[in-house]
Amino acid sequence: MLEIRWHSRAGQGAVTGAKGLADVISTTGKHVQAFAFYGSAKRGAAMTAYNRVNDEVIMNHEKYMEPDYVFVIDPALVYTTDVTINAKENTIFIITTHMSTEELVASQPKLEGKTVYTVDCIKIAQETIGRAIPNTPMLGAFMKISEMYDIEFFKESMKRILAKLPQKIVDANMLAIQRAYDEVK
Amino acid sequence: MAFDKVELKDIEVWDGNFAASQAMRQCQIDVVAAYPITPSTPIVEGYGNMKANNLIEGEFVMVESEHAAMSGCIGAAAAGGRVATATSSQGFALMVETLYQASGMRLPIVLNVVNRALAAPLNVNGDHSDMYLGRDSGWIQLDAYCPQDAYDMNFIAFKVAEDHDVRLPCMVHQDGFMTSHTAQGVHTLDDDTAYGFVGEFKPMNDMLDFEHPVTHGVQTEEDWHFEHKARQHNDLMTKVLPKIQAAFDDFEKISGRKYNIVEKYDMEDADVAVVCMGTSVETAREVAGEMREKGIKAGVVGLRVVRPFPFFEIAEALKEVKAIAALDRSSPNGAPGMLFNEIAGCLINTPANPMLSGFVYGLGGRDLTKKHLVEIYTQLQANVDAGKLTTPQQQFIGVRGPKLSFL
Numbered sequence: 659m660l661e662i663r664w665h666s667r668a669g670q671g672a673v674t675g676a677k678g679l680a681d682v683i684s685t686t687g688k689h690v691q692a693f694a695f696y697g698s699a700k701r702g703a704a705m706t707a708y709n710r711v712n713d714e715v716i717m718n719h720e721k722y723m724e725p726d727y728v729f730v731i732d733p734a735l736v737y738t739t740d741v742t743i744n745a746k747e748n749t750i751f752i753i754t755t756h757m758s759t760e761e762l763v764a765s766q767p768k769l770e771g772k773t774v775y776t777v778d779c780i781k782i783a784q785e786t787i788g789r790a791i792p793n794t795p796m797l798g799a800f801m802k803i804s805e806m807y808d809i810e811f812f813k814e815s816m817k818r819i820l821a822k823l824p825q826k827i828v829d830a831n832m833l834a835i836q837r838a839y840d841e842v843k
Numbered sequence: 044m045a046f047d048k049v050e051l052k053d054i055e056v057w058d059g060n061f062a063a064s065q066a067m068r069q070c071q072i073d074v075v076a077a078y079p080i081t082p083s084t085p086i087v088e089g090y091g092n093m094k095a096n097n098l099i100e101g102e103f104v105m106v107e108s109e110h111a112a113m114s115g116c117i118g119a120a121a122a123g124g125r126v127a128t129a130t131s132s133q134g135f136a137l138m139v140e141t142l143y144q145a146s147g148m149r150l151p152i153v154l155n156v157v158n159r160a161l162a163a164p165l166n167v168n169g170d171h172s173d174m175y176l177g178r179d180s181g182w183i184q185l186d187a188y189c190p191q192d193a194y195d196m197n198f199i200a201f202k203v204a205e206d207h208d209v210r211l212p213c214m215v216h217q218d219g220f221m222t223s224h225t226a227q228g229v230h231t232l233d234d235d236t237a238y239g240f241v242g243e244f245k246p247m248n249d250m251l252d253f254e255h256p257v258t259h260g261v262q263t264e265e266d267w268h269f270e271h272k273a274r275q276h277n278d279l280m281t282k283v284l285p286k287i288q289a290a291f292d293d294f295e296k297i298s299g300r301k302y303n304i305v306e307k308y309d310m311e312d313a314d315v316a317v318v319c320m321g322t323s324v325e326t327a328r329e330v331a332g333e334m335r336e337k338g339i340k341a342g343v344v345g346l347r348v349v350r351p352f353p354f355f356e357i358a359e360a361l362k363e364v365k366a367i368a369a370l371d372r373s374s375p376n377g378a379p380g381m382l383f384n385e386i387a388g389c390l391i392n393t394p395a396n397p398m399l400s401g402f403v404y405g406l407g408g409r410d411l412t413k414k415h416l417v418e419i420y421t422q423l424q425a426n427v428d429a430g431k432l433t434t435p436q437q438q439f440i441g442v443r444g445p446k447l448s449f450l
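Each protein sequence line maps, in turn, to chains A and B. Under the numbering used here, the final residue of the first sequence carries the number 843; numbering is consecutive throughout. Under the numbering used here, the final residue of the second sequence carries the number 450; numbering is consecutive throughout.
Don't read these hints as lab results, they were simulated from the structure. Treat the hints with care, as some may be off.
[Unchecked claim] Below are the DSS-like pairs computed for lysine-lysine, each with C-alpha atoms no more than 25 Å apart in a straight line: (1) Lys52/B / Lys817/A; (2) Lys822/A / Lys843/A; (3) Lys337/B / Lys746/A; (4) Lys301/B / Lys52/B; (5) Lys721/A / Lys414/B; (6) Lys688/A / Lys52/B; (7) Lys822/A / Lys94/B; (8) Lys817/A / Lys48/B; (9) Lys414/B / Lys746/A; (10) Lys307/B / Lys822/A; (11) Lys413/B / Lys337/B; (12) Lys721/A / Lys337/B; (13) Lys746/A / Lys802/A; (14) Lys413/B / Lys746/A; (15) Lys721/A / Lys48/B; (16) Lys688/A / Lys337/B; (17) Lys813/A / Lys52/B; (18) Lys307/B / Lys446/B; (19) Lys688/A / Lys813/A; (20) Lys721/A / Lys446/B; (21) Lys413/B / Lys688/A; (22) Lys822/A / Lys48/B.
Next up, chain A with everything else stripped away, as it sits in the complex (with noise of 0.2 Å):
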């Protein structure tokens, strides 16, 4: 089972991105689970959401999670939330920050000793998007840390599931997810 937990603001994609991922795992025969903390939370209210991915059928329903991979996808929240909650020892971070992980760990004690990845998939969703939807580049991102497809087989793969969006938002979509995996470190 792998589980991956994601730390987002309610209106930055982290449904969308869980739910993707999801989409995209399922079509290789793998079973997928994808849910989120709702609430009645409003945009850019902090918000978790959740993927587990297992050879069988997933039959657990509980939210609580001790997860393989924890994404975060705005860079505020490693301050005003605990993002290593409910963390293993071999849990990975995939953090969004302007700051080198060194900076990111020096200025948040409690990722000192963890397995920490930074990338700013918020200005590449900028440059790229237009805007600051920063769920797509985090998927390139982990694309690179964990090697779970080839990176041309995961893009053909978001642009079946973008395809309702304009072309010219699916390319940008390509770029981001292209360019945070060349640019997570």
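Go by the hints and put chain B onto chain A.
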């Protein structure tokens, strides 16, 4: 008006809401009258989107409240059409008056209920309070444990409700957010197979059949009211479960998916068993497997049909079990939980003499963790080892503060 068919993948990654929307589209409903409410909103939103994209031929009526939504459904069903809608929680509560009209008038409406807590305090998350509120309303109630079930149970609902020997409305329940907003792989039916299963709507006593005038919505005082209610109860008690079983059998032939009135997992030799509904059934299945690795003979019983209550099927499933936990996701507010009471009722006049514990859990969407379930099974086994109940008969789990237990 012509409408377009949809090519679906064999496995779609859908949440429970969209699975229900797609099933509704495939059933070719004549009238949907709806008023959106969280967490069921995406069902009618998705359905309305398909309507706008010419994928649906029937009428979609936007109304001003859930009371009006069910009233519109009742009118359309009495006129003689296939009818459905969706709601949750406060909306369901507002519908209650009309729910009794629908069942009393024997109108085969399908209602998707995305289970959610009832205020106060206001809460949009999933528990079974609304499902429990509907259990005396004269409707058939089917329960889904995951998005796949939410899709499949819609077909079963139309098939059973519209049967001329049944003619009773049917609810399809799924857990708010835990199923409704959780995307998982759903094995689809193609449009023709799905529609072929439910079949063309066959009207009965329809008001638009002017050759055969009928009266709907009548008043009967002490002269006839009891006879009508008795016949309705008789049909729920004697006709519905066999029709559901037949529908499950037919559905297995087209889908390969087997459903049962009472779902039993690891029950063949179980000493201890959890009885529950919704997503909890699947989580409990996983934990039962883990308990067996530790040497505890654990099993799970899930209700697929909540009403009519499968009295004999539950008794049969539990007859050899030594200790049972009844898990109710609704506050009984001054009584044992519904499942505790119903299970006690179906076992009391049998040779079985198990120890029965009631647990109230998960209110307002509070997480039911695997750890909770491990604790329950461990406690049941302790009862078996001691040969007697070692705890009060009603316990609250997952609630903060000092441990709450009663009875």
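We went through each hint and held it up to the structure:
1. Lys52/B / Lys817/A: holds (16 Å)
2. Lys822/A / Lys843/A: violated (32 Å)
3. Lys337/B / Lys746/A: holds (24 Å)
4. Lys301/B / Lys52/B: holds (21 Å)
5. Lys721/A / Lys414/B: holds (12 Å)
6. Lys688/A / Lys52/B: Holds. Lys688/A to Lys52/B sits at ~15 Å (cutoff 25 Å).
7. Lys822/A / Lys94/B: holds (17 Å)
8. Lys817/A / Lys48/B: At roughly 23 Å apart (the allowed maximum being 25 Å), Lys48/B and Lys817/A satisfy the hint.
9. Lys414/B / Lys746/A: Status holds; Cα separation ~17 Å.
10. Lys307/B / Lys822/A: violated (42 Å)
11. Lys413/B / Lys337/B: The hint holds at about 15 Å.
12. Lys721/A / Lys337/B: holds (24 Å)
13. Lys746/A / Lys802/A: holds (21 Å)
14. Lys413/B / Lys746/A: holds (17 Å)
15. Lys721/A / Lys48/B: violated (37 Å)
16. Lys688/A / Lys337/B: violated (28 Å)
17. Lys813/A / Lys52/B: Holds, at about 20 Å.
18. Lys307/B / Lys446/B: Cα-Cα ~31 Å, so violated.
19. Lys688/A / Lys813/A: This hinted pair holds, its Cα atoms lying about 18 Å apart.
20. Lys721/A / Lys446/B: Given pair Lys721/A, Lys446/B holds - Cα atoms ~22 Å apart, limit 25 Å.
21. Lys413/B / Lys688/A: Roughly 23 Å separates the two Cα atoms, so the pair holds.
22. Lys822/A / Lys48/B: holds (18 Å)
Consistency with the previously given hints fails for numbers 2, 10, 15, 16 and 18, ordered from lowest to highest.
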